[in-house]
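Novice: Quick note on this note's numbering: the sequence shown kicks off at 136 and runs consecutively.
If you are wondering where the hints come from, they were derived from the structure by calculation, not from laboratory data.
Bear in mind that the values here come from a model prediction, so they are computed numbers and not experimental data.
We treat Cβ as the ideally placed atom computed from N, Cα and C, and that holds for glycine.
Take these hints with a grain of salt, some might be off.
Said to hold, decoys possible - Calculated cross-link-like contacts (lysine to aspartate or glutamate; reagent style DMTMM-like; alpha-carbon spacing at most 20 Å):
1) K251 - E194
2) K205 - E194
3) K309 - D170
4) K205 - E267
5) K309 - E267
6) K309 - E245
7) K309 - D279
8) K197 - D253
9) K251 - E204
10) K160 - D303
11) K160 - D172
12) K309 - D172
13) K205 - E232
14) K309 - E225
15) K251 - D261
16) K205 - D231
17) K309 - E232
18) K197 - E262
19) K197 - E245
20) K309 - E204
21) K197 - E179
22) K197 - D187
23) K197 - E249
24) K197 - D261
25) K160 - D170
26) K251 - E203
27) K309 - D276
28) K197 - D209
29) K309 - E194
30) K160 - E304
31) K309 - E168
32) K251 - E262
Said to hold, decoys possible - Computed spacing ranges between beta-carbons, pair by pair:
33) K309 - K251: 30 to 38 Å
34) L150 - R216: 50 to 58 Å
35) L150 - D212: 32 to 40 Å
36) N255 - L295: 53 to 61 Å
37) E225 - I152: 41 to 49 Å
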Amino acid sequence: MKRMFGPIAIIIGILVILAIMLVPKYNTFVGLEEDVDQSYSQIENQLQRRVDLIPNLVETVKGFAKHEEKVLGDIADARSRLAGANTPEEQATANDELSGALSRLLVVVENYPELKADANFRQLMDELAGTENRISVARMDYNDTVSQYNRNVRRFPGSLVAGIFGFDEKEYFKAAAGAQEVPKVDFGEYGD
Numbered sequence: 136m137k138r139m140f141g142p143i144a145i146i147i148g149i150l151v152i153l154a155i156m157l158v159p160k161y162n163t164f165v166g167l168e169e170d171v172d173q174s175y176s177q178i179e180n181q182l183q184r185r186v187d188l189i190p191n192l193v194e195t196v197k198g199f200a201k202h203e204e205k206v207l208g209d210i211a212d213a214r215s216r217l218a219g220a221n222t223p224e225e226q227a228t229a230n231d232e233l234s235g236a237l238s239r240l241l242v243v244v245e246n247y248p249e250l251k252a253d254a255n256f257r258q259l260m261d262e263l264a265g266t267e268n269r270i271s272v273a274r275m276d277y278n279d280t281v282s283q284y285n286r287n288v289r290r291f292p293g294s295l296v297a298g299i300f301g302f303d304e305k306e307y308f309k310a311a312a313g314a315q316e317v318p319k320v321d322f323g324e325y326g327d
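Full structure from sequences and hints, please.
Specialist: The structure is reproduced here in structure tokens:
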């Protein structure tokens, strides 16, 4: 009986030591994963704010720019794609499409000085600009959180714990391909 007690005590001791090492690392991963999810929800929150602002902006412009249907249609389509996007990559692509459509709208607005002077329009544009800034900050915060999480997933001994419990690397919120290129602005398309 005494002979069996020694090996059993060693095995129990090893298991206790492993548990003492694994439990805190596991809890770290749970906390970091929650931070990533929270950061991502902030991006979604700001994108939703943007999606909610756009119909008001479009309706305000419609009253002044009846013949600019294509630009307004592009904005509506891009807004729908953004609202339906599920992954960070889909949202980044849809966000870039919406940004392009909004920039074309701003070119159209230049043709309507009375619209630029409208208090409703100015307020909506200010809110949209603030939302754009919030989206940028939320994306940066999300990517910082993902970076911290991914470093823990890849570093030893975290890589062992991550592999055992299925903690995979998270996807960064990236700009769409070609976003680094300077866009061409053509005022001739909207001119009289």
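Novice: Does each hint fit the structure? Answer for all of them.
Specialist: Status of the hints after comparison with the structure:
1. Distance check on the hinted pair: K251 and E194 sit about 14 Å apart at the alpha-carbon level, within 20 Å; holds.
2. This hinted pair checks out: K205 and E194 have alpha carbons roughly 14 Å apart, not beyond 20 Å.
3. The hinted pair formed by K309 and D170 meets the criterion: a straight-line CA distance of about 18 Å does not exceed 20 Å.
4. Distance hint between K205 and E267 is unfulfilled; the C-alpha atoms sit about 23 Å from each other, more than 20 Å.
5. Simply put, K309 and E267 have alpha-carbon atoms about 16 Å apart, close enough for the 20 Å limit, and the pair holds.
6. Restraint check for K309 and E245: the C-alpha separation of about 31 Å exceeds 20 Å, so the hint is violated.
7. Straight-line distance between C-alpha atoms of K309 and D279 comes to about 12 Å, which keeps the hinted pair within the 20 Å bound.
8. Taking the CA atoms of K197 and D253, the gap is about 13 Å. The hint holds against a cut of 20 Å.
9. The suggested pairing of K251 with E204 holds, with an alpha-carbon distance near 18 Å, which does not exceed 20 Å.
10. Distance hint between K160 and D303 is fulfilled; the C-alpha atoms sit about 14 Å from each other, no more than 20 Å.
11. For the hint linking K160 to D172, the alpha-carbon distance of about 18 Å falls within 20 Å, and the restraint holds.
12. Between K309 and D172 the CA atoms are separated by roughly 16 Å; this keeps the pair inside 20 Å, and the hint holds.
13. Distance restraint check for K205 and E232: the Cα-Cα separation of roughly 14 Å lies within the 20 Å cut-off, and the hinted pair is therefore satisfied.
14. A distance of roughly 10 Å separates the Cα atoms of K309 and E225; the hinted pair therefore holds under the 20 Å criterion.
15. For a cut-off of 20 Å, the pair hint linking K251 to D261 stands: about 12 Å separates their Cα positions.
16. In summary, the hint linking K205 to D231 is supported, as the alpha carbons are separated by about 18 Å, within the 20 Å threshold.
17. Restraint check: the Cα-Cα separation between K309 and E232 comes to about 14 Å, which is no more than 20 Å; the hinted pair holds.
18. Among the hinted pairs, K197 with E262 is consistent with the structure: their alpha-carbon atoms are about 18 Å apart, no more than 20 Å.
19. Our distance criterion of 20 Å between C-alpha atoms is met by K197 and E245, whose separation comes to about 14 Å.
20. The straight-line distance between the Cα atoms of K309 and E204 is roughly 31 Å, outside the 20 Å bound, and the hint therefore fails.
21. For the hint linking K197 to E179, the alpha-carbon distance of about 27 Å lies beyond 20 Å, and the restraint is violated.
22. Note on K197 and D187: the hinted pairing holds, with a Cα-Cα distance of about 17 Å set against a maximum of 20 Å.
23. Straight-line distance between C-alpha atoms of K197 and E249 comes to about 13 Å, which keeps the hinted pair within the 20 Å bound.
24. A threshold of 20 Å between alpha carbons decides the hint, and for K197 with D261 the separation of about 18 Å falls inside it, so the pair holds.
25. Our distance criterion of 20 Å between C-alpha atoms is met by K160 and D170, whose separation comes to about 15 Å.
26. Simply put, K251 and E203 have alpha-carbon atoms about 16 Å apart, close enough for the 20 Å limit, and the pair holds.
27. In summary, the hint linking K309 to D276 is supported, as the alpha carbons are separated by about 13 Å, within the 20 Å threshold.
28. A distance of roughly 13 Å separates the Cα atoms of K197 and D209; the hinted pair therefore holds under the 20 Å criterion.
29. With a C-alpha separation of about 31 Å, the suggested pairing of K309 with E194 is violated against the 20 Å cut-off.
30. A C-alpha spacing of about 16 Å is found between K160 and E304, which places the hinted pair at or below 20 Å, so the restraint holds.
31. Straight-line distance between C-alpha atoms of K309 and E168 comes to about 19 Å, which keeps the hinted pair within the 20 Å bound.
32. A hinted pair counts as satisfied when its Cα atoms are at most 20 Å apart, and K251 with E262 qualifies at roughly 15 Å.
33. Between K309 and K251 the C-beta distance comes to about 34 Å, which sits within the given range of 30 to 38 Å.
34. Range check, L150 to R216: Cβ separation about 52 Å, and the 50 to 58 Å hint holds.
35. In this structure the hint that L150 and D212 lie 32 to 40 Å apart at CB is violated, the actual value being about 58 Å.
36. Checking the proposed 53 to 61 Å range against N255 and L295 shows it holds: the Cβ atoms sit about 58 Å from each other.
37. The given range of 41 to 49 Å is respected by E225 and I152, whose C-beta atoms sit roughly 44 Å from each other.
The structure fails to meet hints 4, 6, 20, 21, 29 and 35 from the earlier list, while all remaining hints are met.
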